[in-house]
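Undergrad: Line order of the protein sequences matches chains A and B.
All residue numbers for the first sequence refer to the numbering used here, where the first residue is 75 and numbers rise by one.
All residue numbers for the second sequence refer to the numbering used here, where the first residue is 99 and numbers rise by one.
Some hints here could point you the wrong way.
Unchecked claim - Below, simulated DSSO-like cross-link-like pairs (lysine-lysine); rule was C-alpha separation at most 27 Å, straight line:
no.: 1; chain 1: B; residue 1: LYS220; chain 2: B; residue 2: LYS164
no.: 2; chain 1: B; residue 1: LYS230; chain 2: B; residue 2: LYS141
no.: 3; chain 1: B; residue 1: LYS191; chain 2: A; residue 2: LYS271
no.: 4; chain 1: A; residue 1: LYS271; chain 2: B; residue 2: LYS196
no.: 5; chain 1: B; residue 1: LYS164; chain 2: A; residue 2: LYS259
no.: 6; chain 1: B; residue 1: LYS191; chain 2: A; residue 2: LYS250
no.: 7; chain 1: A; residue 1: LYS259; chain 2: B; residue 2: LYS234
no.: 8; chain 1: B; residue 1: LYS196; chain 2: B; residue 2: LYS238
no.: 9; chain 1: B; residue 1: LYS192; chain 2: A; residue 2: LYS250
Worth flagging that the hints you see were computed from the coordinates, not collected in a lab.
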Amino acid sequence: MKKDQNKPLEKSEHIALYKFIHNKTAVISAVILFLLAAVSVLAPVLASYGFDTTDLMNVRKAPGSLHILGTDSVGRDVFTRILYGGRVSILVGISAMLIQLFLGTLLGIAAGYYSGILDMIFSRIADAIMCFPFFVIAMSVVAVIGPGTFKLVFVIGFLMWPKLFRIVRTEVMELKENDYIAAAKAMGMSSGEIMIKHLLPNVMSPVLVSSTLSVAQGIILEASLSFLGLGVQPPLASWGNMLSDAQSMSVLANNWWMWVPPGIMVALTVLAINFVGEGLRDALDPKVRG
Amino acid sequence: MEEQSTLLKVSGLKKYFPVKGTQIIGGKRMLKAVDDVSFSVEKGSIMGVIGESGCGKSTMGRTILKLTEPSGGSVRYKDKILFDVEGRQEIGKKELLKTRKEIQMIFQDSYSALDPRQNILKVLSEGVVKHKVTDKGSVKDYCAHILSLCGLEESALYRFPHEFSGGQRQRIGIARALAVGPEFIVCDEPTVALDVSVQSQILNLMLDLKENMSLTYLFISHNIGVVKHFCDKIAVMYLGRFVETGNAYELCREPLHPYTQALLSAVPITNPWEKKKRIYLEGSIPEGSDIPKGCRFHTRCRHAQERCRIEEPGLSEAAPGRFAACHLY
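Please build the complete structure, drawing on both the sequences and the hints.
TA: Next up, the structure:
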């Protein structure tokens, strides 16, 4: 009892944690994600080859004792490239998510809180971005600025933020009608303080869920663009540009080890992130019982 | 002498909301939530405002506090003009912040009035820190002290709003308003969401606090029974305008305006042998965007005459200290 008094406990957060822990799919997915991240980070330690070390004597070699997952068209070790590719894919997914998080939350809160002309400007920009198919703009932009990992991050980040923006905006429009916002105003709080202290914490749970899912989406988009040759450029490895080897019919038919492993990694990571995202959503939603 | 004791003076206050989907001809239609309201509140008194749902009571309270932009009129607090729309005057930001400390508000819905993500210490300390009511080291003790004044224990500081009952939450709302040391509090139906026994606890608490901290209240309610005993002066509001004002006791004993008469006749009486004639009002309150011409009450008034349909009566002194907006007087 005494302990409770001194220690600030956020009960709702505890319930959320409890609910998440009891969601088996989400926990297993979280463990898988953790392992993937750990393995990717430790790539230089775990891999016995460099990601760009070519072995021209062993080109398109099937998996064996020397190369666990075989080698690709220029004799690079596929297993090593999977590990290094994970770094790139996860990095791209997370960085693109951070851009979306920043833009979507900032503009969403401002638009929802101030409404009026500011809301109209931001909403129209968001609509304009959303009404084009992603790949059409992405490919045009890459065609102009050229391909590259960091450019890819920016393209994904700047084209995907409207989704989060809309979630935050609607949420804020509803939240700002609450009397605690009026109370904060009556207390003399400035608009900035109200947005940071009251609105931001209250939109955090939908934002958290949406951001998790946008990491998965970022990974898929990275893979797709790299597959088309517009993303991460060789010799740098990414799951997407490894898959692009499968554009050749003979590789597709005869060298399964070159495209099945990166495909599985993309599917596994994206599925795991989506399960974690769904687990978070259920855990943070008080209407869903754990 | 008289002028000095006036704490708040509201004159010609208006708040109109534009109605969406307005007709093309005739320009924008306006919903007149508060339409030309004037009154003053003396220091240390309790002014009650009553009226049925949707008559503009709450909007009036919020407009006085500048929580929504006023459409017209002026509000003066002590010697400061908070705003004067016609005179194009507005209080400066710094001055407004100072005044915010002196005027506080207690809200109707205690659930939406507290941020679900903040524990009570944060709720209370927000204003305390902002206005530097006490030095930084003693904020916690100060908040605990304020809580105890409102009948809550110190352990409540680290709990969250959803862990409290409605009555407790309302106490927290009162504590938050008191924490910055205000002189004037706008109470927007603070007891409406509570059951009767808790209502009286909260009202007694508010009375005690008023005595101890020499507060002034503007008490907005739709419960005449409460207002009658709680307030010194009452104003009856109908469709955004005051139809009768006067001393609480006299107004309840002998209501002048037909609307007030009808309202009072609807108050249940506890004495089963006492018989009272109930005046039934027909129809419902008209839309604020479609206020009847002439006297705004004539569509539901028992005494409506030809004159009431054409000419709008202003508040005039019907008896010493009693004002009514009715052609009967």
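Undergrad: Look at each hint and say if it fits the structure.
TA: Here is what the structure says about each hint:
{"no.": "1", "hint": "B:LYS220 <-> B:LYS164", "in the structure": "holds, 24 Å"}
{"no.": "2", "hint": "B:LYS230 <-> B:LYS141", "in the structure": "holds, 25 Å"}
{"no.": "3", "hint": "B:LYS191 <-> A:LYS271", "in the structure": "holds, 20 Å"}
{"no.": "4", "hint": "A:LYS271 <-> B:LYS196", "in the structure": "holds, 21 Å"}
{"no.": "5", "hint": "B:LYS164 <-> A:LYS259", "in the structure": "holds, 9 Å"}
{"no.": "6", "hint": "B:LYS191 <-> A:LYS250", "in the structure": "holds, 22 Å"}
{"no.": "7", "hint": "A:LYS259 <-> B:LYS234", "in the structure": "holds, 22 Å"}
{"no.": "8", "hint": "B:LYS196 <-> B:LYS238", "in the structure": "holds, 22 Å"}
{"no.": "9", "hint": "B:LYS192 <-> A:LYS250", "in the structure": "holds, 24 Å"}
In terms of the numbered hints stated before, the structure departs from none.
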